[in-house]
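Make the full structure from the sequences, and use the hints.
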Amino acid sequence: MRKGFWKQYQTFQSRRLDALLHALAGVNTSGPVGKLVHSLAVPMVALGIFLMLWSVGAANVTTSLGALPGPVQVWTQGIALYDEHLAERDKERAFIERQEQRNAETLANDPGAEVKLRPYTGKPTFFDQILTSLGTVMVGFLLASLIAIPVGIVCGMSSTLYKALNPLIQTFKPVSPLAWLPIVTMVVSAVYISDDPMFAKSFLTSAITVTLCCLWPTIINTTVGVSSVDKDLINVSRVLRLNWFTKTMKIVLPSSIPMMFTGLRLSLGIGWMVLIAAEMLAQNPGLGKFVWDEFQNGSSDSLARIMVAVLVIGMLGFLLDRSMLMLQRRVSWDKSLVLR
Amino acid sequence: MNEQNHLELTGVSIDFPTDNGPFRALQDVNLKIGKGEFVTLIGHSGCGKSTVLNIVAGLHQATAGGVLLNGREVREPGPERAVVFQNHSLLPWLTAYENVELAVKQVFRGKKSRSEMRQWIEHNLELVHMTHALDKRPDEISGGMKQRVGIARALAMQPEVLLMDEPFGALDALTRAHLQDSLMEIHACLGNTVIMITHDVDEAVLLSDRIVMMSNGPAATVGQILHIELDRPRERLALADEPRYNHYRSEVLKFLYERQRRPVDDSAPANRASAEDDVKPKRFARLRIVGG
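Sequence order for the protein chains is A and B. Here the first sequence stands for residues 1 to 340, where the numbers follow our numbering. Here the second sequence stands for residues 341 to 632, where the numbers follow our numbering.
No lab work stands behind these hints: they were computed from the structure. Computed from a prediction, not measured in an experiment: that's the story for all the values here. Note that beta-carbon positions come from the ideal geometry of N, C-alpha and C, so glycine has one too. Hints are supplied without guarantee of correctness; some may be wrong.
Some residues of chain B that are not near chain A, with every Cβ distance over 10 Å (derived) [to be verified]:
no., residue
1, D359
2, G376
3, Q401
4, E416
5, P417
6, G418
7, S429
8, D479
9, R516
10, M524
11, D581
12, L593
13, L596
The following label-pair restraints were derived from C-beta to C-beta distances [stated by the list, open to error]:
no., chain 1, residue 1, chain 2, residue 2, range
14, B, N427, A, G57, 50 to 60 Å
15, B, S455, A, K231, 31 to 41 Å
16, A, K173, B, R415, 36 to 46 Å
Here are some, though not all, of the chain B residues that point toward chain A, as calculated from beta-carbon distances under 10 Å [unchecked claim]:
no., residue
17, F425
18, P432
19, W433
20, L434
21, K445
22, M497
Right, here's the structure in full:
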């Protein structure tokens, strides 16, 4: 009874909110055109309100670096970062051209001369850092998936193994990346010794920290998915006397794919969050380092640049999740399933 | 082969562990089934019909007694005792063809060539009139069609015994009638031994050579066995006016609604009829109500 009332109250509330938003957008939601406008206009109105509140609110907060930047300053800095990127690329091209020209001259004078092409070593731009971050998170996430999916499958199939591993999983799951990082750093420094390292240590440290933090949702969800395969389907495999491998490939994996993907999406989300923190401390030249460097730099533009990074981090996280969703749509056998 | 010793259930009892100790679901079930015989199990819900079937399938292990198929003990599931499950149990990510293919590949690996397998799969789907939907996945076809594919999958294993757990229970009356006709056709043609569970008295009388009526649980057992001596092929319309048909029908109904109606007296000790005592049905007691 009370619950019913509460529900009604909530619907009432959301209806009032709907009406308010519609009124603000000036939209009539009936008809196909109305629907399109509805799906576009409502988010636009919400965005507009958000920008307005941000703009007004930020101006009232004064920090040691001046007032908190509003949308306009952040936009300006976004453009500035893009211009810096272009300028840096121009410099690089000029640098390479100069070298090639000099080499050509040397070769013209002495055909047997040894010439070298030195790589450009300018500082990475914001966009380079984005790519570094994406690369690092993908490596960490793939490594985690390669470990977590098989572990999840065997845990789901064997309740003994599940009982053995579950306490460990539950213990390590809530550990913060910041706690892992010093250990990972020390281990990487001690173990990864090479004269000609393929990867930077900072990259490995960040990627492995990501791995350690995003193993768990995939393991847990895969375990649940595998262990909750329809009992009748398992009976089918018993009647057919399918061997372990065929049973796994034909029955267990296909039916646990939705749960597995839920885990993978959670993992990737966690991995992306963890990465920024890891990069700050490990000094991996990605978005985390960008934020940290701007923070240490403390110029009047720094806060606005950090906010650009915050928005970019958010949007990339969203895109990563969407791409996992698209992958799931492709892999999933049930095309009618509503995925969100 | 000895007609009566094809499939033999002897003294089959089963206990399921519960919090209050073991629960005896079946007590001393005896049944002999001849080759090619069509037997239906009928009884009230929860009387252990499915458990009997699962024990024959090897999916459950009897606590006491056992099952012999052609003189060999049944210890585990196997394709020579194919099961048609109540809810079809097709793999939803495979097409009708692929579902049957999974079974055929498993059973005839190394015995049939690729093209022979293909023919065999198509032949079995043809038996159940499903050739028009080979490439449809289960969620794209109707409930009756799914059950047809499930039957095709079981038949494709070339089983000695076909076990059917209420195969038509979830279907509407018209579809059920169609499938019953198909099943009679297939049985006449292939001559498999069939054990089928049903709730439907008409279905039992129409299809069976013998109807095994089970007493209520706990400790359920075979209550009475009814021989159906109607000529085959049977026509459902013609049978409607056939006095013997109606006699069999009323026999089953009497068993279900008079002798096995609950609650019942719990005075007499269990004096259970076994499969051999099936000529004259006799009264017996059952049902000790659990926990008083």
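Practice problem: Kindly indicate which numbered hints from before are broken by the structure, ordering the numbers from low to high. | Solution: Numbers 4, 5, 6, 7 and 8 - these are the hints that the structure violates, sorted from lowest upward.
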